[in-house]
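*Asks:* Chains as they are written, first to last, in the working numbering: chain D, 1 to 570; chain A, 1001 to 1272.
FYI, nobody ran anything at the bench for these hints, they're computed from the structure. Some clues are possibly wrong.
[As the list claims (entries may be wrong)] Just a sample of chain A residues kept apart from chain D, beta carbon distances all over 10 Å, derived:
#1 Phe1035
#2 Ala1121
#3 Lys1127
#4 Leu1129
#5 Ser1204
#6 Val1208
[Said to hold, decoys possible] Partial chain A-side listing against chain D, Cβ under 10 Å, derived:
#7 Gly1016
#8 Ser1058
#9 Asn1183
Even for Gly, the Cβ is constructed at its ideal location relative to N, Cα and C.
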Amino acid sequence: MKKLSGGLLALVVLCSLCVAAATSVYAQEVGVSSVEFPYTGNRTAVWVVAQLHILFAAFILGAPIFVVISEWLGYRKQDPRYDRLAREITKVTVILFSMTAVTGGLFIFVLLAAYPQFTTSFINQFYMVFAVMYPALFIAETILMYAYLYTWDVWKGEKKGRHIALGVLLNLVCLLILFVINGPTSFMNTPPKAEGVSPQDFLAAATLWDKIANQSWFPLSLHRIDGNVAFGGFIAGMIAAYMYMGAKTQEERAYYDWMGFAAIWIAVGGSLLQPFTGLLLAYEMCDYDFSFCPYMMADQLSMFFEMQGVMIGLLFLAINYYSWLSVKRIEGAENVRITILAPIVLVVLLPVMMWVMNTYWIPDPMSLVFLLPLTLSPFLLGRFVPKTVSARTVIKIGFIIMLISDAVWLTPAGFVATGSDMPDDMKLPEGWDYLSSMPAKLSAILTLVFVTVVNFALYNRTIKQGTILWGKIDFASQFVLIFLAFTSTWIMGLMGAVRSLLKKYFHTYSLVSDLSAESFTPTLSYSSGWITAITVFFIAIVSVAALVALRPSVARVREPEGSPVPIAAK
Amino acid sequence: MGNIFKKLGAGLLVGGVLVGIAHSQELPGTFQLLFFIVSLIGAMVFMLLDARPLSTMSGEKSLFVVIAFWILMVTVCVAGASLLPQFNPADEKEKIDKLLKSQRAASQQGKAEELIARAKALDEQVKALEERLKGLGSGQATVASLTLPAGDKPSSTAGASSGGGGDFMKVGEEQWQLQECYNCHKLRGEGGKKRGPELDNVGSLLTVEEIQQKIYDPKSFMAEGYEKEYQKGIMPNKFKDLMEPKEMQALAAWLGTFKNTSVNTPKPIKKS
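Please build the complete structure, drawing on both the sequences and the hints.
*Replies:* Okay, here's the thing in structure tokens:
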């Protein structure tokens, strides 16, 4: 009897479990999320986890590019500091690799819980990517990443070339991952379409390649490649700042001063390309559907772009301030002079460019006929003009130009959240509205890039004529490095939100609507709170990873740097 | 300290001059404030450029300063973004509710139909069991027919408008707002950024059917003087997928009522 009642009880429990399971499966079948994330809501929960994953992924995809460049420079220049920099960043990357995997897994779980029906159909669209290509490439990247780290000591000296080749192979796999995963990402913004065919019909007949190679796929990938290099550099700069602050000896301080400097200049190289690839991405998006343009620039997202202008303006000011502080610690910098053409071009560039861009708007190549000779003239004609100006004066003029460019960038058509609600008394009056035009914005961005390039040229000239005192940089520079890492991460968060919000009330633009009550554009204030929280969390994890990866090795390994302090610039 | 006062003075002076110029040109106050703030940031930048080097810190002191610096950055970012004008999501929510009303209803309908189908299947199983049980006895089990509500498809937003002509026109006007046509076209003196032609006289130049054709297929007509925009395909070819036919008809009919000949709506040229 006892056995029978026990059996019945087990049967009842089993039946109950089956019913419960069937209920939950049924709930998913009809597209109802059985989960409601507390406090954040489903959409913000997905956003936070996705953005965190993207930040870690951006670092582990960007850092290997940065690392292998550094290793190659060390090999070519026979400077062990580059090799040490590459190795230290690789150690941090390996730790953050696991964070990328963890947040990636979490992202899928959260997405499945929050939007079960959409996630299932989306995975079905790209099952070859999600089930085969991405995992295979991720495993390959893991193997190569560990092999790269653990063969560092084995493949040195004559075998160094082999190690660098392994790094290049690792980068190729990283790039493949980036291109592959950007397929589904960009698909959600710009699913393929054709004239005269409904999007649903076109999609039903589309191949996997059609879906991956959508209109924004390639520009997004390009934008992310140079963005990742810049991001990796800025994060490496912050790690250098932390290590500089914690350094116990002057030798260590000299090394981490140098590391911050090298990281920032690699980051700047990536940053200078960002406006061009970003513009290409925006151009392709607007070409796909012109309604993206007013949504970004004049309507719901206009103040997001205002904030982007503020942050990028500050980023460029900080980069050039770091450059200024770097020049200040070079002995003999005060004697360095440059052709007077440089400050003249700096002063006239913004207004000339605004006129040219207004007259010959992109992609009209006529603008280059005016702008290329003007921007190249200090470099090509400078030696023929005897009049010179002190380098420091030119850098200061550059700062004034940067501030004016920032002001132009920040001038909107009106200080209101949406153009459609703009009262006349908030608009720029006629005659001044050119300040808010796209040609003016682009001119401002390009002027910021040009000033930075001039400062880089000046810096190079200064180190050739003076002596760098490594480890003697103004301590304020370390805060600039931290600021740059924070700002670049914040901007990535902001622009990530913008790219995702461009889908408006769709999961996949114009194809799959987001029927939840959360499918609206959040306010900038709300978004900035979450972007800041994501940034702080990410940087805190990176900081811990850097301390864990680098502190013991600093204590154990004391390789001779071959660069006494102070050293003469090479 | 002298450095700070000198730079601050210069910043205030430049800011004052810029505000004066902006004021004389009747730029709104927020723009004057923007120029003044940029001048002050400029003063701060030049204070930093000429500031004395910060002495090296280490240990707890540097940790404390780094944390303080982080708090400052976080505060500036959140406060800065919150000070800018904020878009009111309620406006957009209202629009999205209208746009997704039919899809949401269909989704609810889908759920209801699924439930009904499952209930039917269960009911049939119960009936089959009943019949088997009764078959064991009299074999005259009566099967009661199950009648379930048919569940008509919900009408779309336009469906509600099929009554009077006034309602129909209201749907047209609503579509103008929902599809955000005003972002590119000026109408009644509102909206538009010269991306598309002003439409106040479109009713005199095109029939309702032709307007509908243009919305359905943006390549069907080209506005004179908008050759570049036409070539670029600036008008999105998506409205046939986003709007119900009735909604598009209503929008076209509503636009067809605009016959203000004092506005220079460009001449449409038939293309395909």
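*Asks:* Now tell me if each hint is right for this structure.
*Replies:* For each hint, the structure was consulted:
no. : hint    : verdict
1   : Phe1035 : violated, 7 Å
2   : Ala1121 : holds, 12 Å
3   : Lys1127 : holds, 21 Å
4   : Leu1129 : holds, 16 Å
5   : Ser1204 : holds, 26 Å
6   : Val1208 : holds, 23 Å
7   : Gly1016 : violated, 15 Å
8   : Ser1058 : holds, 6 Å
9   : Asn1183 : holds, 4 Å
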